[in-house]
Amino acid sequence: MELPPAKRRCGAPGEQPDPGPGPGAAAASSSPPSASTSSAVETLLDLSARRVAETWAFEQVEERFSRVPEPVQKRIVFWSFPRSEREICMYSSLGYHPPEGERDSRVPFNRGLNLLQSGAVDRVLQVGFHLSGIVTEPPGPSEPEHSYHVSISFDRCKITSVSCACDNRDIFYCAHVVALSLHRIRHAHQVELRLPISETLSQMNRDQLQKFVQYLISAHHTEVLPTAQRLADEILLLGSEINRVHGAPDPTAGAGIEDANCWHLDEEQIQEQVKQLLSNGGYYGASKHLQSMFNKVREMLRMRDSNGARMLILMTEQFLQDPRLALWRQQGAGMTDKCRQLWDELGALWVCVVLSPHCKLEERAVWLQLLKKWNKLDICPLEEGNYSCDSVGTNSTAARQTVFGRAIKAAELRWGDCHLQKILSSDCYGVSLKSGGDKLGFDPQGHPLWLGDAFPMACARVDALRSHGYPREALRLAVAVVNAMRLQRRHQLDSYKQQKKELLHKGTTSITNLEGWVGHPLDPIGCLCRTFLEACRMDDEGLVLFPDSPAEPKKALYQHIPVPSSPGESYYMLALEVALLGLGQQRSMPDGLYAQDKVVRSEEQLIGLLDEMELDERLVPVLRKQVALLLDGGPFSGFGEVVFRESVPMHTFARYLFTAMLPYDPELAYRLALRAMRLPVLETVLPANDILHQNPLDSMMANRFPRWFTLGHLETRQCELASAMLTAAKGDPNWLRMVLGSIQQNIHSPALLFKLAQDACKTATPANTPPDTTLLNISLELGLQVMRMTLNTMTWRRREMVRWLVSCATEIGVQALMNIMQNWYTLFTPIEATTIVAVTGTTHATLLRLSLSTGQRDELCSCARTLALQCAMKDPQNCALPALTLCEKNHAAFEAAYQIVLDSAASAGMGHSHLFTIARYMEHRGLPVRAYKLATLAFSHLNIAFNQDTHPALNDVLWACSLSQSLGKNELAAIVPLVIKSVQCAPMLSDILHRWSLPPPGLPSMGGGRRGAGSTGTGGKLFAMDKAPLCQLLEAAMAAYISTTHSRLTHISPRHYGEFIEFLGKARETFLMAHEGHLRFSQFLDNLKQTYKGKKKLMLLVRERFG
1 MELPPAKRRC GAPGEQPDPG PGPGAAAASS SPPSASTSSA VETLLDLSAR RVAETWAFEQ
61 VEERFSRVPE PVQKRIVFWS FPRSEREICM YSSLGYHPPE GERDSRVPFN RGLNLLQSGA
121 VDRVLQVGFH LSGIVTEPPG PSEPEHSYHV SISFDRCKIT SVSCACDNRD IFYCAHVVAL
181 SLHRIRHAHQ VELRLPISET LSQMNRDQLQ KFVQYLISAH HTEVLPTAQR LADEILLLGS
241 EINRVHGAPD PTAGAGIEDA NCWHLDEEQI QEQVKQLLSN GGYYGASKHL QSMFNKVREM
301 LRMRDSNGAR MLILMTEQFL QDPRLALWRQ QGAGMTDKCR QLWDELGALW VCVVLSPHCK
361 LEERAVWLQL LKKWNKLDIC PLEEGNYSCD SVGTNSTAAR QTVFGRAIKA AELRWGDCHL
421 QKILSSDCYG VSLKSGGDKL GFDPQGHPLW LGDAFPMACA RVDALRSHGY PREALRLAVA
481 VVNAMRLQRR HQLDSYKQQK KELLHKGTTS ITNLEGWVGH PLDPIGCLCR TFLEACRMDD
541 EGLVLFPDSP AEPKKALYQH IPVPSSPGES YYMLALEVAL LGLGQQRSMP DGLYAQDKVV
601 RSEEQLIGLL DEMELDERLV PVLRKQVALL LDGGPFSGFG EVVFRESVPM HTFARYLFTA
661 MLPYDPELAY RLALRAMRLP VLETVLPAND ILHQNPLDSM MANRFPRWFT LGHLETRQCE
721 LASAMLTAAK GDPNWLRMVL GSIQQNIHSP ALLFKLAQDA CKTATPANTP PDTTLLNISL
781 ELGLQVMRMT LNTMTWRRRE MVRWLVSCAT EIGVQALMNI MQNWYTLFTP IEATTIVAVT
841 GTTHATLLRL SLSTGQRDEL CSCARTLALQ CAMKDPQNCA LPALTLCEKN HAAFEAAYQI
901 VLDSAASAGM GHSHLFTIAR YMEHRGLPVR AYKLATLAFS HLNIAFNQDT HPALNDVLWA
961 CSLSQSLGKN ELAAIVPLVI KSVQCAPMLS DILHRWSLPP PGLPSMGGGR RGAGSTGTGG
1021 KLFAMDKAPL CQLLEAAMAA YISTTHSRLT HISPRHYGEF IEFLGKARET FLMAHEGHLR
1081 FSQFLDNLKQ TYKGKKKLML LVRERFG
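Under full-length UniProt numbering, the residues of the sequence shown are numbered 1 to 1107, in order.
Simulated from the structure, these hints should not be mistaken for lab results.
Source: prediction; values computed, not measured.
The beta carbon of each residue, even a glycine, is placed where N, CA and C say it ideally should be.
Any given hint might turn out to be false.
What the hints assert, rightly or not - Using 25 Å as the maximum straight-line C-alpha spacing, the simulated DSS-like pairs for lysine-lysine come out as follows:
id	residue 1	residue 2
1	Lys501	Lys625
2	Lys288	Lys500
3	Lys625	Lys500
What the hints assert, rightly or not - Just the calculated beta-carbon pair ranges, DEER-fashion:
id	residue 1	residue 2	range
4	Gln369	Arg86	26 to 34 Å
5	Glu54	Gly332	50 to 58 Å
6	Thr793	Lys338	54 to 62 Å
Whole structure, please, built from the sequences with the hints as guidance.
Shown next, in the form of structure tokens:
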């Protein structure tokens, strides 16, 4: 609304007011450091006003001093606005990044910065502790230009409330608030500054006040007139509430003494957004956004902003209202992994919050009360993430450890310990105690130790110091914790040396620590490593504005920063030592899928930190020393000579150590990697001599160990370690043999052994270079072991494995190929040996690749034929035909294979289908007599019932009958009784008769060749149906039709009448082939009509069709 003309006496909105002489003139030049362009020394007034503005509420200033001069008031008001853009950025983005960083339009901070730089901020006015202005959004492709009125209240360098006409509802400040705030910080000297409005009103007389009020109401009568009238009525009423209160409120006069001094935080929006994100918890983006909000809490804590704890409380309450919690509890199921990780972060953040070094006792009491209330809720998630644990075991509340349990314990800790305070206050504390004095709490070198907490909680203190903005104190305490670790390990080594003989004799040990450090809910090792690495980081990247940015993160660069109290040591070296100590600790595998998965993930995260650290001349000695200590660590090290049965394997860590140490100390690297190859949980259950009787591929051993949910993953890591050693040992036969022995002893998964064999073969046979014979032989040995392990448990990958083994043996040479053929019975099934090994080993391509002499070729083929005959004897049903095929070129071997077929057929070792197949093969080879003999043997194993019209042997029977017809009358006469005995199916017998009523196939071309082979050909003359041998078959066919007809009529239904009439039609055709067949068929029909006269409809159909 346009203001009355008299109101414009202050000049145009963009006009810069003249500050005038005196102290007030400093307003134009005394701007925050980020906006100041002058290096002049600040006045005493500005220095004191700056300090007062940070710490005192303005009401407190007015109470302390009866009269505050106007110039002093102006300087206090001037300095009360936030001076750093970091806080503005913190409340307008998911993370912090310098303004010169990425310009992501989705981030309010960047949008506000763009608006400011484009000149969108106008009519800025500061009245006391209230800032207002107009921010204009430029027009878009489909949107017009918009102007928004923005108001900001502030106190003691914190924004306490914001208001914008854009009505953008979010947990962050909108871009317009950002633009106005940055304008005030960067261009403070351009902002028109006025004292609080109450100060201006106090200078007016009655007439001026009345004019002021009337003009104000006139300018905004539609909005304020009802309120103005109500207030006037109350003021005129002598006993009203408003008259009993001294003074009047002034929104521009700053906060009161009792008011909380904290940044504006939209609690309602935080709750709403967390609720919405949890409802979309199954999506990756929701989890990432919630994690970003947790990061925001940590950022606030580091800035020592009390809103960090407020925001965490709001998020926790929404997490506990997640409806899925009740459902998971009701089902006794575990959470999803994403949700579980968010709860873990929530619990760890609360530990960090309650360990705040600067919080008030009242604040900690409130937090503790909330934590205890949440901890008692039935739906409160347990630390292991499985609700079903509630109903198992003891009912004691001590056994129920929720995600808030550690925070409740941490809330009992204090920072007032004298020794702890001295550690935190000085880098040199304790160094002078080398020569004497009380050494309790110090190591032999005089370095201070912190032994007041368990190791994980001591690291939580370090994390709390780092998270709450005390980096130097965090480093000092971290060094004291590391010194305590070193001393403890020295005592452990001394203890182990005294008991070494006894432990090695027993061969077993137990876990000495109650909780493993890697995978621990408080992540103690990661906390210490990150604390040291942050101190060594060379590039100060800050935080990212939007964590989902697709830009790839730059690799961190570190430098050696010396530890003040330890000459020769750096924080970089301590980070490496701590990581190696923690990862090498022997620890028991925890219960539950999530806990085990967390151990794996934590280990990989720590190794990721180690990968970022480039080894130099100062780190290599640390690495070598720690590896040696791990090997000699006994039961306290995961690499000790004896480990607990269910201790966490060291394969992933060992692979890093092996790769890192190999260039500097190969022998130490191999020693450590070979010892890490073991998998005790499998070794103690599977005896060494039972390695061939395991479940086959893909870590099915997990079924035997239901507690080890990650066993498959661990075995894969074991395989990767072995593969790394094989690749590195190429060209060194001694190490290769040692690695092979370790693989054969420790890897129990055939699938992984096969993968290792394949990898070794590829490594041993690079392109354009001679192969590594030793590695190639090791590859073959691993393949042979896989064959033996999976021989009795057939899998879908066996054929692939067998083919690969033959190709690997071919790479080595003919002797290797002959060896696997000669020992086939321990490696392959008979059908694998004949169809894959013998066939592939004697193909033309294989023979060319081997470049064999004639004698070697004959020897190899002879070996293959011997294998085929042995397989045919062991499994004639599946191997006889492949054996015959392999032996075709050798008469003696072929005859031996044929005899095996005859013997197995006589002893019922082969079924009719296999015999018919071999018989067809014999005919194809030009041996019809042998084919006929095998066909007759097949009939002795065949039985086709009356109702098996579609028997799979139908074509074989018809083929055998045609073969016998082509050979002659004697063969035909001999096979007819066999057909009658084996086939009771009338239609099939009918088909055979029809086949024999025609000339035999190929008769004109047979000539005398076949007759010369022993047959009694007919010379094209057809056999008569009324004479032997066909008359017997005809009678059998008619009898079969008669018996089948009666069988079908016994349980026939009307819907099968049509089929039955067609069946009788085929029967008539067969009857008509006999002498007086028509008469016999009529008699058969008359008998049916008389016998089944009750089936009137059916008999009517019979009469209509046949008369």
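Structure-based check of all given hints:
Distance hint between Lys501 and Lys625 is fulfilled; the C-alpha atoms sit about 24 Å from each other, no more than 25 Å. For the given pair, Lys288 sits about 49 Å from Lys500 by alpha-carbon distance, which is inconsistent with the 25 Å threshold. At most 25 Å may separate the alpha-carbon atoms for a hinted pair to count; Lys625 and Lys500 meet this at roughly 20 Å. The hint said 26 to 34 Å for the Cβ distance between Gln369 and Arg86, and at roughly 33 Å that hint holds.
Checked against the given bound of 50 to 58 Å, the beta carbons of Glu54 and Gly332, roughly 54 Å apart, stay inside it. Between Thr793 and Lys338 the C-beta distance comes to about 37 Å, which lies outside the given range of 54 to 62 Å.
When held up to the earlier numbered hints, the structure conflicts with 2, 6 and fits the remainder.
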